[in-house]
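Can you make the complete structure from the sequences, with help from the hints?
Going down the list, the sequences are from chains X and Z.
Each residue of the first sequence is one higher than the one before, counting from 1262 in the working numbering.
Each residue of the second sequence is one higher than the one before, counting from 46 in the working numbering.
Be aware that a few hints might be false.
What the hints assert, rightly or not - Mimicking DSBU-like on lysine-lysine, the simulated pairs with C-alpha atoms at most 30 Å apart in a straight line are:
1) Lys209/Z x Lys568/Z
2) Lys127/Z x Lys513/Z
3) Lys170/Z x Lys1528/X
4) Lys1365/X x Lys141/Z
5) Lys252/Z x Lys1318/X
6) Lys170/Z x Lys1334/X
7) Lys1321/X x Lys252/Z
8) Lys142/Z x Lys187/Z
9) Lys1377/X x Lys1290/X
10) Lys193/Z x Lys1365/X
11) Lys187/Z x Lys141/Z
Stated by the list, open to error - One side of the interface only, derived from the structure: several residues of chain Z facing chain X at Cβ under 8 Å:
12) Asp155
13) Thr158
14) Leu173
These aren't lab readings, by the way, just hints derived from the structure by calculation.
Note that beta-carbon positions come from the ideal geometry of N, C-alpha and C, so glycine has one too.
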Amino acid sequence: MNFIYRLIGLTMLITLLIPVSFSIADDEKAREIMNKVDNRDDGDNQTSDMIMTLIDKNNKKRIRKISVFSKDKGEDNLRLMFFIHPADVKDTSFLTWDYDDPDKDDDQWLYLPALKKTKRIASSDKSDSFMGSDLNYSDMTSRNLEDYDFFLKKDIQVRGKDAWVIEAVPRSREVIDETGYTKSLLIVQKDNYYVVRAVNWEKTGGYTKYMDVVTLEQIDGIWVGTEMHVAKKKGRQTVHKTILKFDNVKFNQGLEEDQFTVRRMEKGL
Amino acid sequence: MNNIRNRIEHQFEAFARKIYHHRFKTVFLMLIAIGGLLSQLPTIVIDASTEAFLHKTDPALLTYNDFRDQFGRDEMIIVALKPKQVFDFNFLNTLKKLHTELEENVPYLDDITSLINARNTLGEKDLLIVEDLLEDWPETEKQLQTIKQRAMSNPMYENMLISKDGSSTTIIIRTQSRSSMSPENEIMAGFENFDDAIETPTGTERKYLTDEENTEVIQAVEKIVEKYRSPDLPIYLAGSPAVVHFLKEAMMSDMMKFMLLAVLTVSILLYIMFRRITGVVLPMLIVILSLLSTISLMAITGIPIKVPTEILPSFILAVGVGSSVHILAIFFHRLRKTNNKEESIVYTLGHSGLAVMMTNLTTAAGLMSFANASVAPVAEIGIFASAGILLAFIYTIVLLPPLIAIIPLSSKKTESLRKGNRIMDKVLENIGRFSTTHPRKILFVSFCIIAIAFTGIFSIRFSHFPLKWLPETNAIRVATEKIDKALNGSMSMEILFKTNRENGLYEPELLNRIETAAVDFEKMSNKEMFIGKAWSVTTILKEINQALNENSPAAYTIPQNEPMVAQEFLLFENSGSDDLEDFVDSQFSMARLTLKVPFVDGILYDPLEEEITTYLNKNFPDVDFQITGLVALLAKTFNNTITSMAESYLIALVIITLMMILLIGRIRIGLLSMIPNLVPIILMLGVIGWFGFPMDLFTMMVASIAIGLAVDDTIHFMHNFRRYYEQSGDPKKAVLDTLHSTGRAMLVTSVVLSFGFFIYMFASMQNIIRFGFLTGFTIIMALASDYLIAPALMVLVNKTTMPAQRSEI
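Structure follows, in structure tokens:
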């Protein structure tokens, strides 16, 4: 029995390796698509209300409501979040300075009202979970295209729209360690270059993560995924799920850089 | 009764005649049937895991499964290194290389922790750092000393990652609890069913890491560790996954080796007894076919071979050889007299067919009483040993006679055989005379011996200590003992606190109680059993609280207000560590308290568990709690085993008694015949008690073989005694006649089998050595009691009744 599994596994591995070994460099078409994804306008000076629903394997739900402000600063991204719910962590706030420079670690501060203290969190790892959800920090930031080989696998339809399936393979061990993924499949909707679905293979534990943008809306001319489902799976079994919903998404809210400071976050909403 | 018996014997004769006439057809059909059965043999699976001891629906196992689903596998593989200096640049480099190599090459890895990546939480001004201890590699002696100081002062590292004296350090490996197919297999498949993939309901499929996968893990670890091991750097590999693996290997190799040696010994002795190749080949053929068929049956029903079921081959060897030797002994004897094969075969089946059937049915029925045992492998032994015996019986009655008919045999007696037979006859004659002339003396002496043995039974101590089965120099035993000593234990016990409400763990009052419990548990100890370390989510909370308060050791405490607890958890969740999920569920409703314990005798865990339960009942009346983990499972297994075995043996004895009464047709004689059945078992128990052997699963299994063989001997004796007594009306003559006919076969089987089992005494594993000795001893005692006590009883009992009346019954 086990031998057969191994045999099947080996055969599949070989069949998978054949196309790879014939095309060691990635394909241009795929890279061109990914460039367009990267250059798509994702708006600026954005405010929204995020509702994060965490569902564990016993189907128990945990809901967090967070008010989000974000602003671009050159290629960097500034983000300020205030917890609204649950009551225990109300007014806890979270400030992130996300640098484009891959050599520079992001800066993050957390303000704890119960302690009346702000702490900067030193974290070099983007593979850590984002607020206990199934997304990690690398999911929240855009990919550095130079870190990957891209391969166009096929054309499919998602919810009636044409899309490409692109495989992204990290070029180095460092990228794998940083993102926590050994590889990804990205489904890019053709008409707006939005990644509407993705599958990521985790480095440890044998998990796969399925992401699905369930609702895609155009707000002020900018495509925004306002509802997203993420399922963390092992084999065929879902071990954890996250549902992210964004309400009141607004762009160009005239946010100032000095709103993204520790002082501002300690003041509360 | 007599009539029925005669009728059955005639039927056996008619059956033998039919088979003789259709001998080729019969052999052909039998071989096809057996071939079909054996084709399933390759699908047999081996499972040496501890979980395998419990039935799939056992509540203890279900609790454990729930635990594993939530927190992953609790068992850890411990790689302990004892360098000259732990905090030394060279050594730390080696450690890092080893750590990385293990991380990259060990399959099914879930988590690997060592000083390299140990969680290091600290505050620096406004900065909270949660990082790997050796995130920034030390360059100078001063940096090295800082790291040393940090590592030695972290209460969480003590005895986990570094021994209290700082001389040993470990790499702790945890594997996934579930086995999963390689993600590569499903790369596109998972994607094409994206909607299904994201919508599939949770918690349906349950498949845990298999024994085979565990073996892969240990082999990978051992292979890598071996490269780093040197006289300057001893490395020990322990932890229950490793123990299970090496135990299985040792068991398998010993069992295989000595099973073959036993077969060889039995073959040689059979040749000496029969002086014919056929006298060796035929019984062995029957035994091997029965054995392989039995294992095929296990394969077909999907029951894996487990540690205790490894005794099945020995069992079937013992019982199978007995049956075919009885048939062959009578047959050869008759063939020499008549020189007529057909007549000899018919005579043999008429003479012994019923006895062989009764011995096999009785043993099978006795063993079936194990089928309801709460310990899964014991139940399986009950089922498959019975099935094996019945198969052996069918092969003996249906396959053996036509094979004898087909194979050319000489009816001549060789000189040496004749001489041997004369000696044997003389011995049997003397035994018969002695037992019939001094019945009272025999019974008195026997009674005294039994009484002495009986007192020994009270000093039997139960035990389940697989580690001690291994020789003292065995690497895993040495490693486990060293680690248990240096690091306060290599196993873990788990307590789950369930508040049943979201964020129940934000309450400082509850956290305080869990914290106190951990401290109190660390003080508990009982004989060699102790709790080396207890830790829970409070450890993380204390760490973070300390880091938030300028690393002050005084702040290594639980914050005493609810929002503060909640916010510190939130801070930790966002600080780059996933470690919280090892301690609580995502709802913060359930907390895990892990207790580190040494690998000691299974019997010692249970009192500790009771002590813990009492403590928890008293201090956590408002919280649901469960004690689980592999160790708890082990304790539970062991307790199940004792009660379950005791029950099974009682039922077996009742069933066998009833069958004896049925066979003999009289209640009083039936009950009396239980005496020679019980004597060898009491003597065996006496030896166990007096010699101080541990009464473990293996020792208990000896009794099942003992019962099987003792009962066989007694049935053969009683069956023939009654036949000859009815013919002559003289109990003394009947005893002598019995000894000369069946007694010969009993002697042959007992000698052959006892040596076959004594050979196990040369094994390396203690449990197998004891098993061989006890089984061989019991076989000889069974023979002795049927040669001495049974005749003595029969002579005494039958004296008072008139021979004339007998035949009327």
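Hint check results:
no., hint, in the structure
1, Lys209/Z x Lys568/Z, "holds, 17 Å"
2, Lys127/Z x Lys513/Z, "holds, 24 Å"
3, Lys170/Z x Lys1528/X, "holds, 20 Å"
4, Lys1365/X x Lys141/Z, "holds, 25 Å"
5, Lys252/Z x Lys1318/X, "holds, 15 Å"
6, Lys170/Z x Lys1334/X, "holds, 27 Å"
7, Lys1321/X x Lys252/Z, "holds, 22 Å"
8, Lys142/Z x Lys187/Z, "holds, 23 Å"
9, Lys1377/X x Lys1290/X, "violated, 52 Å"
10, Lys193/Z x Lys1365/X, "holds, 28 Å"
11, Lys187/Z x Lys141/Z, "holds, 20 Å"
12, Asp155, "holds, 6 Å"
13, Thr158, "violated, 12 Å"
14, Leu173, "holds, 4 Å"
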